[in-house]
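Line by line, the protein sequences give chains A and B. The numbers in our numbering rise by one with no breaks, and the one at position 241 of the first sequence is 786. The numbers in our numbering rise by one with no breaks, and the one at position 97 of the second sequence is 168.
Do not take every clue at face value.
To be verified - Simulated crosslink set (EDC-like; lysine to aspartate or glutamate; CA at most 16 Å straight-line):
1) B:K139 - B:E176
2) A:K928 - B:D82
3) A:K860 - A:E937
4) A:K930 - B:E176
5) A:K860 - B:E88
6) A:K928 - B:E176
7) A:K722 - A:E751
What the hints assert, rightly or not - Pairwise CB distance ranges (calculated):
8) A:N849 - B:N187: 43 to 51 Å
9) B:R116 - A:Q606: 32 to 40 Å
10) B:L167 - A:E613: 51 to 59 Å
11) A:Q606 - B:D82: 24 to 32 Å
12) B:K110 - A:S699: 49 to 57 Å
13) B:K144 - A:D768: 52 to 60 Å
14) A:N622 - B:V98: 34 to 42 Å
15) A:S605 - B:D82: 54 to 62 Å
16) A:H603 - B:V126: 49 to 57 Å
17) A:Q606 - B:K223: 15 to 23 Å
18) B:V98 - A:W602: 31 to 39 Å
19) B:R133 - A:R938: 38 to 46 Å
20) A:E842 - B:Q143: 38 to 46 Å
Hints listed in this document are in silico derivations from the structure and should not be mistaken for laboratory results. Just so it is clear, CB atoms sit at the ideal spot from N, CA and C, and this is done for glycine as well.
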Amino acid sequence: MKAAMNRKIKKAYPLPKLSSVAEQMPPSGIRLFFDLVLTMDDVISLGVGEPDFNTPWHISQYAIEKIETGFTTYTSNSGLMELREAITDNVRKTYGLSYDPVREILITVGVSEAYDLALRALINPGDEILVHEPCYVSYKPLISLAGGSPRVVSTRKENGFKVLPKDLASNCSRRSKAFVFNYPCNPTGVTYSKKELEALASVIREKNLFVISDEIYHHLSFDHPHISFPILDGFKERCLYLNGFSKGYAMTGWRIGFACGPSPLIALMTKIHQYTMLCASVMGQYAAIEALKNGSEDTVEMKNEYFRRRNYIVKKLNDIGLSCHVPGGAFYVFPEIPACFSSDLEFANQLLKEERVAVVPGSAFGRDCSRHIRISYAYSVDKLKAASERIERFIKRHQG
Amino acid sequence: MDEILKILEKDGRQTPEEIAAQLQLPVRQVAKKIAEYEKKKVIIRYKAVINDELVPQEGDARALIEVKVRPQKDKGFDGVAEKIYRFPEVVSCMLLSGTYDLLVEVTGNNIHSISNFVSQKLSQIENVQGTVTHFILKKYKENGDFFTVTSKDERLPVSA
Numbered sequence: 546m547k548a549a550m551n552r553k554i555k556k557a558y559p560l561p562k563l564s565s566v567a568e569q570m571p572p573s574g575i576r577l578f579f580d581l582v583l584t585m586d587d588v589i590s591l592g593v594g595e596p597d598f599n600t601p602w603h604i605s606q607y608a609i610e611k612i613e614t615g616f617t618t619y620t621s622n623s624g625l626m627e628l629r630e631a632i633t634d635n636v637r638k639t640y641g642l643s644y645d646p647v648r649e650i651l652i653t654v655g656v657s658e659a660y661d662l663a664l665r666a667l668i669n670p671g672d673e674i675l676v677h678e679p680c681y682v683s684y685k686p687l688i689s690l691a692g693g694s695p696r697v698v699s700t701r702k703e704n705g706f707k708v709l710p711k712d713l714a715s716n717c718s719r720r721s722k723a724f725v726f727n728y729p730c731n732p733t734g735v736t737y738s739k740k741e742l743e744a745l746a747s748v749i750r751e752k753n754l755f756v757i758s759d760e761i762y763h764h765l766s767f768d769h770p771h772i773s774f775p776i777l778d779g780f781k782e783r784c785l786y787l788n789g790f791s792k793g794y795a796m797t798g799w800r801i802g803f804a805c806g807p808s809p810l811i812a813l814m815t816k817i818h819q820y821t822m823l824c825a826s827v828m829g830q831y832a833a834i835e836a837l838k839n840g841s842e843d844t845v846e847m848k849n850e851y852f853r854r855r856n857y858i859v860k861k862l863n864d865i866g867l868s869c870h871v872p873g874g875a876f877y878v879f880p881e882i883p884a885c886f887s888s889d890l891e892f893a894n895q896l897l898k899e900e901r902v903a904v905v906p907g908s909a910f911g912r913d914c915s916r917h918i919r920i921s922y923a924y925s926v927d928k929l930k931a932a933s934e935r936i937e938r939f940i941k942r943h944q945g
Numbered sequence: 072m073d074e075i076l077k078i079l080e081k082d083g084r085q086t087p088e089e090i091a092a093q094l095q096l097p098v099r100q101v102a103k104k105i106a107e108y109e110k111k112k113v114i115i116r117y118k119a120v121i122n123d124e125l126v127p128q129e130g131d132a133r134a135l136i137e138v139k140v141r142p143q144k145d146k147g148f149d150g151v152a153e154k155i156y157r158f159p160e161v162v163s164c165m166l167l168s169g170t171y172d173l174l175v176e177v178t179g180n181n182i183h184s185i186s187n188f189v190s191q192k193l194s195q196i197e198n199v200q201g202t203v204t205h206f207i208l209k210k211y212k213e214n215g216d217f218f219t220v221t222s223k224d225e226r227l228p229v230s231a
């Protein structure tokens, strides 16, 4: 009797109306595909957005020692001063930029949090944020969530998916406030020369935009050294530089990122961060210190391995009918699907069903990307070889 | 080390075509280089790395033996080392710095056969002054390969 009453009470409580903003946000294209892949066995997945290397052992070991000696508390909201100082040193040595560890750096839970904080600290109602497509899946939804309007600057295969200055300029309006830029780019792997960056910088100056530069793949620039956006003339003041430890040091699960930029913006971001996150995990921050102090050889070794795999997979894909440009960095290729397939979703779904290979449909990364798929090469050559043999068989079957 | 050798050292089954693609070299050039390495015995042979922790066999005992040697005139340690490493029981043999001279890895059917090898063959060699035998109980890692940790891909199959 009592149990029956309890059931009745439970049934009687309807959830309140949930946030319409959150409900209207489109689900990530990656998430939908992820659920499908999980239902299948024997899948070779080329859909992973993280390194296949383990975190270098000395980095893990350093964090373990810190845990064992009791360093398990909160840190300051801005992050451990030792880590901020190590970042200052590293950015100075690598790019000749000088950021004040007290006022111009914030340690965050991955670059994702840093990006979200930046938007929340920048956007006022009605502001427009320019973002290139294809781009990382969370760029646009988070702009909307922060009350801004994303405005897309499309990039095209024939230009190697690079943002062209004229396209950036023609998409600017009076409401445009900032440009979100990611290079080396997920999902296209695009990198930029200094000349190309300067051409974009000149439009940005002319249109009086701010820049959020997500350079999380900066270790993985294969054909020329990476050039950081804030080194361009006048851009230390006009740019928020985002980076982290996930990709270059194989530390995705540690969730440590950082933002360097003008102190008023960092102060606002820190204020939001202190309410929402308090601080990034202390063990992750210690691991990051060790990574910066003693991990540079690890990043070079991993980069060399990705470089060889890139060369292998680009040749292989072009040979089997998935035409792609040579990506200058990151660990993705973004090939075009053959004409006999109606869309990226059809290609990816059929490939998964028929050959048990998972790739990510291009439309997850932008509205004009339905003729493309993203292939990650964060896998051994052995795996890449097995997967490309399956893809080749699949394409041949469909081309008749 | 040459990039071709680095790749083959990790995975001896990679073909010249695959290696050429990775290094952005012509296939013929890579194939020629490999043939040269094979001819000069830079590449001695290709073999599989077997995790014998997963296929334990009767009659597969192993030991590491420290060997103290009196060096010979003109030949130094090389003459004695050769007398040791020529035995088929010897899997590896290295000259080391430190408190002893040679480190010798041997296999045998069991502890007794290794003991017999040490007492009746190894210690009888002229200029071998003493031995210390350590039986291998468990192999964790060898030549960069883990023997106890499975290398399962723990990553989510699809992520941004």
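Checked hints:
no. : hint                        : in the structure
1   : B:K139 - B:E176             : holds, 14 Å
2   : A:K928 - B:D82              : holds, 12 Å
3   : A:K860 - A:E937             : holds, 13 Å
4   : A:K930 - B:E176             : violated, 37 Å
5   : A:K860 - B:E88              : holds, 11 Å
6   : A:K928 - B:E176             : violated, 34 Å
7   : A:K722 - A:E751             : holds, 12 Å
8   : A:N849 - B:N187: 43 to 51 Å : holds, 48 Å
9   : B:R116 - A:Q606: 32 to 40 Å : holds, 36 Å
10  : B:L167 - A:E613: 51 to 59 Å : violated, 34 Å
11  : A:Q606 - B:D82: 24 to 32 Å  : holds, 28 Å
12  : B:K110 - A:S699: 49 to 57 Å : holds, 55 Å
13  : B:K144 - A:D768: 52 to 60 Å : holds, 58 Å
14  : A:N622 - B:V98: 34 to 42 Å  : violated, 57 Å
15  : A:S605 - B:D82: 54 to 62 Å  : violated, 25 Å
16  : A:H603 - B:V126: 49 to 57 Å : violated, 33 Å
17  : A:Q606 - B:K223: 15 to 23 Å : holds, 21 Å
18  : B:V98 - A:W602: 31 to 39 Å  : holds, 37 Å
19  : B:R133 - A:R938: 38 to 46 Å : holds, 44 Å
20  : A:E842 - B:Q143: 38 to 46 Å : holds, 42 Å
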